[in-house]
Amino acid sequence: MEWFVSSPRSLMLIAASAAAMYLALIILTRLAGVRSFSKMSGFDFAVTVSIGSVLASVILTKDPPVAQGIAALAALFALQMGVAALRVYSDKFEGSTNNKPRLIMANGEMLRDQMNKAKITESDLLGKLREANVLDFSQVDAAVAETTGDISVLHRARGDTPLAANLLEGVIGAEHYRPEPIRT
1 MEWFVSSPRS LMLIAASAAA MYLALIILTR LAGVRSFSKM SGFDFAVTVS
51 IGSVLASVIL TKDPPVAQGI AALAALFALQ MGVAALRVYS DKFEGSTNNK
101 PRLIMANGEM LRDQMNKAKI TESDLLGKLR EANVLDFSQV DAAVAETTGD
151 ISVLHRARGD TPLAANLLEG VIGAEHYRPE PIRT
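Letter 31 of the sequence shown, counting from 1, is numbered 31 in full-length UniProt numbering, and no numbers are missing.
I should point out that these hints are in silico values taken from the structure, not numbers from a laboratory. Worth double-checking, as some hints may not be accurate.
[Claimed, not checked] Pair by pair, the computed Cβ-Cβ distance ranges are: (1) Y89 with S123: 28 to 36 Å; (2) F93 with S152: 23 to 31 Å; (3) A164 with F4: 55 to 63 Å; (4) A18 with M40: 23 to 31 Å.
[Said to hold, decoys possible] When the alpha-carbon atoms are kept at most 27 Å apart in a straight line, the in silico DSS-like pairs for lysine-lysine are as follows: (5) K117 with K62; (6) K92 with K119; (7) K117 with K128; (8) K39 with K92; (9) K39 with K117; (10) K62 with K128; (11) K119 with K100.
We put the beta carbon where it would ideally sit given N, CA and C, even for glycine.
My request is simple: use the sequences and hints to build the entire structure.
As structure tokens, this is what we get:
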């Protein structure tokens with residue numbers, strides 16, 4: 001039964017740890033800014049997962065203590081801010097910390113070679129198309145596997161302006177996209 005019940009003292013320590021870590025998280029998030037929990041890059045996502053792991057470890061166990069948990073959070077936020085700053089000032093650094101986006105669907109057609117390189121299955125893509133309210137492949141001007149692992153679906157209906165070329169700048173496989181009239 002020990003695995004199910006805890007002493008009142010243990011429960012109070014968990015509550016106190018949670019409150020202290022929550023307060024530290026709020027303060028550090030305010031200091032670090034809006035990028036703190038973004039998924040703008042794979043690095044941002046990794047930091048977000050790491051923050052969750054630190055919080056869980058500190059709140060639910062006696063070791064590490066709260067002070068070490070706060071130090072770990074501060075270090076993660078500092079790393080994220082440092083990497084974000086370096087990415088702004090150095091294209092080379094940005095390229096080394098980021099995957100490149102990849103075009104996986106163009107002009108209503110799946111680009112299977114690009115999907116394979118991105119390790120995205122047809123059923124993965126179909127699920128994302130459904131989430132994006134695509135009713136027919138002809139509505140898809142382009143679909144891009146983003147650096148975060150998300151898939152952006154760019155719609156176009158008959159008569160709409162084709163996708164601006166600069167939106168596919170830096171996207172692997174962009175040469176497969178042709179700004180052409182929508183097929184019926």
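Okay, the hints, checked on the actual structure:
Between Y89 and S123 the beta carbons are some 40 Å apart, a value that contradicts the proposed interval 28 to 36 Å. A C-beta distance of roughly 24 Å is found between F93 and S152, which places it inside the suggested range of 23 to 31 Å. Distance hint for A164 and F4: a CB-CB separation of about 59 Å, consistent with the stated range 55 to 63 Å. About 28 Å separates the C-beta atoms of A18 and M40, a value consistent with the hinted range of 23 to 31 Å.
A hinted pair counts as satisfied when its Cα atoms are at most 27 Å apart, and K117 with K62 does not qualify at roughly 44 Å. For the hint linking K92 to K119, the alpha-carbon distance of about 25 Å falls within 27 Å, and the restraint holds. For the hint linking K117 to K128, the alpha-carbon distance of about 18 Å falls within 27 Å, and the restraint holds. Only pairs whose Cα atoms come within 27 Å are accepted, and K39 paired with K92 is accepted, the gap being roughly 20 Å.
At roughly 22 Å between alpha-carbon atoms, K39 and K117 fall within 27 Å of each other, so this suggested pair holds. This hinted pair does not check out: K62 and K128 have alpha carbons roughly 42 Å apart, beyond 27 Å. A threshold of 27 Å between alpha carbons decides the hint, and for K119 with K100 the separation of about 14 Å falls inside it, so the pair holds.
Of the numbered hints stated above, those contradicted by the structure are hints 1, 5 and 10, listed in ascending order.
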